[in-house]
Amino acid sequence: MKQADVVSRGLGLPLAYGEYPGAPMVDSEEELRAKVANTLAPGLIKGLTQGPDAPVSPVAAEPTPGSIVFKGTLDEIQEYFYQKLWTDGMPIIPPTQQRVDAFLKFTDRTAEEVLRAVPQEGREVTIQSIALTGVMSGCRPEYMPLLIAVIEAMCEPDFHIEHCGSTPGWEPLVVVSGPIIKQLDFNYGQGVMRVGRQANTTVGRFVRMFLRNICGYRIPPGAGDKGSIGFSFNVALAEDEDTAHEIGWPTYGMDQGFKPEDSVVTVRSVVAITPPTYSGGSKAKDHVQQFADVMGATFTYWSHTGMKRGFWHPLIVVGPSIARVIAREWSKDEVRKFLFDTVKVTAAKATHFASMTSTPTFSLEKLVAEGTLPKTYHESDDPERLVRVFIHEAMTGILVAGDPGRNQSRGYMGNHDQAPPTSKKIIFPKNWETLLPTIKK
Amino acid sequence: MTDITSTEPQYEVLWPLSRRAVEDRATAPRIPDLNGKVIGELWDVIFRGETIYPQVREHVKARFPQAKFVEYSEFGNFYGPKGQAIAASLEEKLRHFKIDAVIVGIGA
Numbered sequence: 001m002k003q004a005d006v007v008s009r010g011l012g013l014p015l016a017y018g019e020y021p022g023a024p025m026v027d028s029e030e031e032l033r034a035k036v037a038n039t040l041a042p043g044l045i046k047g048l049t050q051g052p053d054a055p056v057s058p059v060a061a062e063p064t065p066g067s068i069v070f071k072g073t074l075d076e077i078q079e080y081f082y083q084k085l086w087t088d089g090m091p092i093i094p095p096t097q098q099r100v101d102a103f104l105k106f107t108d109r110t111a112e113e114v115l116r117a118v119p120q121e122g123r124e125v126t127i128q129s130i131a132l133t134g135v136m137s138g139c140r141p142e143y144m145p146l147l148i149a150v151i152e153a154m155c156e157p158d159f160h161i162e163h164c165g166s167t168p169g170w171e172p173l174v175v176v177s178g179p180i181i182k183q184l185d186f187n188y189g190q191g192v193m194r195v196g197r198q199a200n201t202t203v204g205r206f207v208r209m210f211l212r213n214i215c216g217y218r219i220p221p222g223a224g225d226k227g228s229i230g231f232s233f234n235v236a237l238a239e240d241e242d243t244a245h246e247i248g249w250p251t252y253g254m255d256q257g258f259k260p261e262d263s264v265v266t267v268r269s270v271v272a273i274t275p276p277t278y279s280g281g282s283k284a285k286d287h288v289q290q291f292a293d294v295m296g297a298t299f300t301y302w303s304h305t306g307m308k309r310g311f312w313h314p315l316i317v318v319g320p321s322i323a324r325v326i327a328r329e330w331s332k333d334e335v336r337k338f339l340f341d342t343v344k345v346t347a348a349k350a351t352h353f354a355s356m357t358s359t360p361t362f363s364l365e366k367l368v369a370e371g372t373l374p375k376t377y378h379e380s381d382d383p384e385r386l387v388r389v390f391i392h393e394a395m396t397g398i399l400v401a402g403d404p405g406r407n408q409s410r411g412y413m414g415n416h417d418q419a420p421p422t423s424k425k426i427i428f429p430k431n432w433e434t435l436l437p438t439i440k441k
Numbered sequence: 001m002t003d004i005t006s007t008e009p010q011y012e013v014l015w016p017l018s019r020r021a022v023e024d025r026a027t028a029p030r031i032p033d034l035n036g037k038v039i040g041e042l043w044d045v046i047f048r049g050e051t052i053y054p055q056v057r058e059h060v061k062a063r064f065p066q067a068k069f070v071e072y073s074e075f076g077n078f079y080g081p082k083g084q085a086i087a088a089s090l091e092e093k094l095r096h097f098k099i100d101a102v103i104v105g106i107g108a
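Quick note, the sequences are listed as chains R and B, same order. Sequential numbering from 1 applies to the first sequence in the working numbering. Sequential numbering from 1 applies to the second sequence in the working numbering.
Isolated chain R, as found in the complex (with noise of 0.2 Å):
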């Protein structure tokens, strides 16, 4: 019920609720009817006749946003961060006044700008907000514009940053586009989704960093993430397009509808990864079939959950030696043609999947009635019948990255709509060319 008290916090509203203890999803029917009745009953009449046990719980009075809250040594400030629950369990770099200003020197916008309030405490997301996370994380001070670009995506109200604490415990990940991949000196060879290259890394912890102090998703003995297992944070992914640009395939960026001189992030949600797909062979189905029996046998499972919204995004990470086999055959276009018609699962499985995770009355039948799916997903009631993994053909991102010297590749799966791939140009300074040259490589 921590998680309720965030919530209500968030909301600034007492709520009055009624608890199901347990899972639900694991009870027999004698077993909920049970706690139906002791419990979940009783409390629900208690919040609709007498209301909340409490107010809101009262928050206690709060520092001036820029305020020195601490004075200490090194270890001193990492405890007091830790006890606070103002970090991810790493040692962060101290947020003084003195960073937070070199930062906020590689933007043009004021300190004081808020970009809105986000859930689930309701705070407000400021350039100074963003600064100092990424401070904290570890970031070089000419990451600033690309980590603003990237808090605007995940504050695009089609991102639901209010669904980043779900149980499923998504993690998002950044992909860099354009020329700022060089700039800032990103790795996308080999070991690209590894920690290691400072921006890769820490752009992903300030992702994650964010999401703790400025959104409030954390972990007990904190509350707000409800990530049953969840995992670590992704490093932030940047194309090679020197070999995308070689091979005749549009760059990510410009698939999310950008030039190839704009600089851009997309944020978007990974609840699943495949096993690194090793493809041999000359001919370009050789590997983009490898992808479909990979990608197919890993995200099956899962793909109930886009089903229930009609919508989820994969994304497939393709090694540079893969990409050039498969771009003298086949465009962008046709691979995702290839996806889309070869992964499928049974009806009955999906219908299995979706009633194990949450939603037993799980119908394929009823989401096309309502519109949700395509009339290809009830073309009878056969439940052995074979239905597309892959809802739209045009969802599939493709982008090239990895070690050239090596035959593999990589699948990347989102949270049906939660976090949908989310773009933005990065805006630079008026005088980010005289900033350049000083930044340290």
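To be clear, the hints were calculated from the coordinates, so they are not data collected in a lab. Just to be clear, a hint being listed does not mean it is correct.
Below, a list of computed lysine-lysine pairs in the DSS-like style, where the Cα atoms sit at most 25 Å apart [as the list claims (entries may be wrong)]:
1) R:K35 x B:K68
2) B:K98 x B:K68
3) R:K46 x R:K71
4) R:K46 x B:K37
5) B:K82 x R:K226
6) B:K98 x R:K35
Stretches of chain R that chain B covers, calculated by requiring three or more beta carbons in the stretch to come under 8 Å of a beta carbon on chain B [said to hold, decoys possible]:
7) 33-45
8) 112-122
9) 136-147
10) 277-287
Just so it is clear, the structure is predicted and the values come from calculations on it, not from any experiment. From the three backbone atoms N, C-alpha and C, an ideal C-beta is built for every residue, glycine too.
Given the structure of chain R, go ahead and fit chain B onto it with the hints provided.
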């Protein structure tokens, strides 16, 4: 043994959070007697609500026999593909059905 921290630099650090932009509000008055009142149900179509809501109705009616319910199907799935539109339509629907109180579920 020397306390190494005594020779270390000290830093003044800023509050890392931002202003809470929420105004606290009071709840609507409660309804001690639900007889004759209309209770709306909002459901996100997960976690066995199709089983739980009917049982909750039974318990409410056992204590308040004249309580009426407008079932979740009248409002739609606020957590589904049309969730934003359904949320936007709620105020009008609550007025339309003359709803006195609402049960929202099922959170996890």
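Right, here's what the structure says about each hint:
no.	hint	verdict
1	R:K35 x B:K68	holds (23 Å)
2	B:K98 x B:K68	holds (11 Å)
3	R:K46 x R:K71	violated (47 Å)
4	R:K46 x B:K37	holds (15 Å)
5	B:K82 x R:K226	holds (23 Å)
6	B:K98 x R:K35	violated (30 Å)
7	33-45	holds (count 8)
8	112-122	holds (count 4)
9	136-147	violated (count 1)
10	277-287	violated (count 0)
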